[in-house]
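Using the sequences and the hints, build the whole thing.
Under the working numbering, the sequence shown has 422 at position 422, and the numbering climbs by one with no breaks.
Calculated from the structure, these hints are not laboratory results.
Quick caveat, the model's predicted, so the values are computed rather than measured.
Idealized CB from N, CA, C, for every residue including glycine.
Just so you know, not all the hints are guaranteed correct.
Below, in silico cross-link-like pairs of lysine to any residue (SDA-like), each with a Cα-Cα straight-line distance of 25 angstroms or less [as the list claims (entries may be wrong)]:
id: 1; residue 1: 188; residue 2: 167
id: 2; residue 1: 216; residue 2: 347
id: 3; residue 1: 13; residue 2: 188
id: 4; residue 1: 188; residue 2: 347
id: 5; residue 1: 217; residue 2: 171
id: 6; residue 1: 13; residue 2: 216
id: 7; residue 1: 13; residue 2: 347
id: 8; residue 1: 13; residue 2: 311
Derived Cβ-Cβ restraints for the label pairs, each shown as a range [what the hints assert, rightly or not]:
id: 9; residue 1: 192; residue 2: 435; range: 48 to 54 angstroms
id: 10; residue 1: 359; residue 2: 192; range: 32 to 38 angstroms
id: 11; residue 1: 326; residue 2: 397; range: 24 to 30 angstroms
id: 12; residue 1: 413; residue 2: 108; range: 37 to 43 angstroms
id: 13; residue 1: 431; residue 2: 355; range: 30 to 36 angstroms
id: 14; residue 1: 10; residue 2: 45; range: 47 to 53 angstroms
id: 15; residue 1: 141; residue 2: 258; range: 42 to 48 angstroms
id: 16; residue 1: 397; residue 2: 192; range: 34 to 40 angstroms
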Amino acid sequence: MQQDHLLQEKISKLFVRYALPSMLSMFGMSLYVFADTYFIATGVGAIGLTALNIVLPFYSLIFGLGHMIGIGGAIVYTLDRVAGRKEEADGVFSLSLCLAAVPAILFMILGCFFANELCTALGASPDALPYSVTYVQVVALFTPMFMANSILSAFVRNDHAPNLAMAGMIAGALFNIVFDYIFIFPMKMGMFGAALATAISPVIGILVQIFHFFRKKNGFGFHKFTFRWSTVGRIARGGTNSLITELAGGIVVFAFNAAILTRMGDVGVAAYGIIANIAMVAVSLFNGISQGIQPLISANASANQGDRCRQALRIANVTAFGVGLLLWLCSILFPGPIIEAFNRDGVALLTQYASEGIGIYFSSFLLAGINIVVASYFQARLMSKQSIALALCRGFFAILAGLWTLPFIFGNTGIWLTVPFAELVTLIVALIFLKLNHARTDILPEGPLVREEQAP
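Next comes the structure, spelled out in structure tokens:
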């Protein structure tokens, strides 16, 4: 069976094989936005940076749905392959693409024809509105490509080709970086050029990963499928955590923008844009670790090998903490160079706000990686109640609770403390879930399919 090596090889070896390419892949994916942040900051200025941050919730929604369908479908594909349900597994990829087509078309219509209303609703000021509208219209036109790229990457990674998935994402990121520069500076296309480079990037990723279909060991493809709501439900259970994580990220950006606008104005939003976009790259590394262990967890959970699942979880958590510690130390030791790279105009207030917030905000990385990994652990076992609860706690309830209370106690510092506060609350919940889960059985009861209803 194709999945045998996931059940037999040493977990540490499998972790390196799957997690490292996944980390690089997600890192490359996050560079779509990061490259825009840098080149817009240097080529357009602070107003462009503000406009970009305003549209991030819309961007997060597109990515969230793509990840939900892609990761959820890939989990179901892996579980069915391990359980020997070849016919069901063969149809999951085609079903996933069809499911993604509906929201992709809707987002195209919304972004292309109602961009002005959308950006206004997201909080764009009159000065930032034209820049936000331009960016949204271009990105929306390529929504099907963003979603197809997310789906293809998840399936390729789960089909024993994590290096190819990584290559596709990195190729797209490199294209974005190079053409961001070309479009913004030599061609002087401004915000439109930045959006265009980002929009074409997933097309490059797809062109690289499509070679997987020509490999002899390719296990999925375009097959006929029987539409079953039960399969759609399993895909949703497997991917809802990813959707909530991305959606919550967009909601958090919206909430932060609103809170900062009232206290620090557009310059404060630009400062938050710098911090949030750098944080997005950092969090992508944690997402890479979590997605890297997902095939390992799904396969071994389906085969009732609980010890191997927990071993993968331990290795992933140690790695995530180490990465988080390194990133936090960098923000403490080198805040000036990091911030000034995005402050083309040398705005003193922008430097002040960002310097005050970056070290506090980035302290959340000490816990964020562990929380993301634990949520993915439950997600990979289709224990959606736990994974969704952690995603909602981390990205919604604890964040909003912090924003509604901490700024009134600590002033502007309270805004930056909100994310570390949310990660601490989420870690407590995650530890409770793990304690309850491990107090039961080594793995879920008899049967090859991991079901959330059997979870504590």
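Outcome of the hint check:
1. 188 <-> 167: Cα-Cα ~30 angstroms, so violated.
2. 216 <-> 347: Given that 25 angstroms is the threshold and the Cα spacing comes to 56 angstroms, the pair is violated.
3. 13 <-> 188: violated (47 angstroms)
4. 188 <-> 347: holds (23 angstroms)
5. 217 <-> 171: holds (23 angstroms)
6. 13 <-> 216: holds (24 angstroms)
7. 13 <-> 347: Violated, at roughly 48 angstroms.
8. 13 <-> 311: Status holds; Cα separation ~12 angstroms.
9. 192 <-> 435: 48 to 54 angstroms: holds (52 angstroms)
10. 359 <-> 192: 32 to 38 angstroms: Distance hint for residue 359, residue 192 holds at roughly 35 angstroms.
11. 326 <-> 397: 24 to 30 angstroms: Between residue 326 and residue 397, where Cβ atoms are some 29 angstroms apart, the hint holds.
12. 413 <-> 108: 37 to 43 angstroms: holds (41 angstroms)
13. 431 <-> 355: 30 to 36 angstroms: holds (33 angstroms)
14. 10 <-> 45: 47 to 53 angstroms: Once the Cβ atoms are compared, 52 angstroms apart, the range 47 to 53 angstroms for residue 45 and residue 10 holds.
15. 141 <-> 258: 42 to 48 angstroms: Because 28 angstroms falls outside the window, the suggested range is violated.
16. 397 <-> 192: 34 to 40 angstroms: Holds - the Cβ-Cβ distance for residue 397 and residue 192, about 38 angstroms, lies within 34 to 40 angstroms.
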